[in-house]
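Counting from 56, one number per residue, gives the positions in the sequence shown under the working numbering.
Think of the hints as simulated: they come from the structure by calculation, not from any bench.
For lysine-lysine, the following DSSO-like pairs were computed, each having C-alpha atoms within a straight-line distance of at most 27 Å:
| hint | residue 1 | residue 2 |
| --- | --- | --- |
| 1 | 84 | 147 |
| 2 | 162 | 115 |
| 3 | 115 | 92 |
| 4 | 91 | 115 |
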Amino acid sequence: MPEKMKREDGAVKGAPWTQDELRILRGLKERGAVLKKHMHLLPGRTYEGALFKQRHMQLKPLPSSQRVRNLLSDGVERTGREIADALAIPRKTVSDLLRYATDPDGKQWAHVSRITEGYPQLVYAIGPGENARYGDAISAKLADEEESDDVLDARYRSNAAWWPCADRVVVSAMNAMICAGRAAA
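Can you build the whole structure from these sequences, using the hints too?
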């Protein structure tokens with residue numbers, strides 16, 4: 056009988072799978088974990104070989120919604136992009152799943168805890184709760200910038216001294232456009 060071929064990394068091609076390796080593969084598939092990120096648990100096995108073996112184990116993979124729920128169940132807030140990257144599923148799928156999951160009229164199992172500033176991204180947390188809205192952060196910022204009533208009253212009582220003087224050429228051109236109904240020639 057010929058000797059088994061050795062691979063470059065020292066692994067034996069065609070070596071039988073141990074019970075521990077099969078248990079790891081089964082656990083990864085049931086949890087819906089990304090196999091490529093967990094190959095360090097299977098030393099001496101190639102990714103292609105582990106993927107082939109995992110596909111033929113006759114186990115149903117975990118649905119994407121359950122995978123998202125399992126990921127968020129650790130209590131860490133995450134954006135949709137972080138969830139998609141961690142689970143290796145498209146962002147559109149994550150967005151669709153979380154839109155349903157955060158619906159207060161449906162079966163809500165997650166909520167939008169906050170919205171990041173700058174480029175607005177929704178930050179999701181596990182558990183039912185009140186969803187943050189886009190205008191909340193902007194309203195709070197505008198309330199801080201709003202002038203007090205005393206300052207506004209003083210400004211409006213000052214007989215428009217705070218308003219810049221109008222340019223006579225601009226005023227006459229605007230008057231001509233309004234009277235003629237078209238732009239002045």
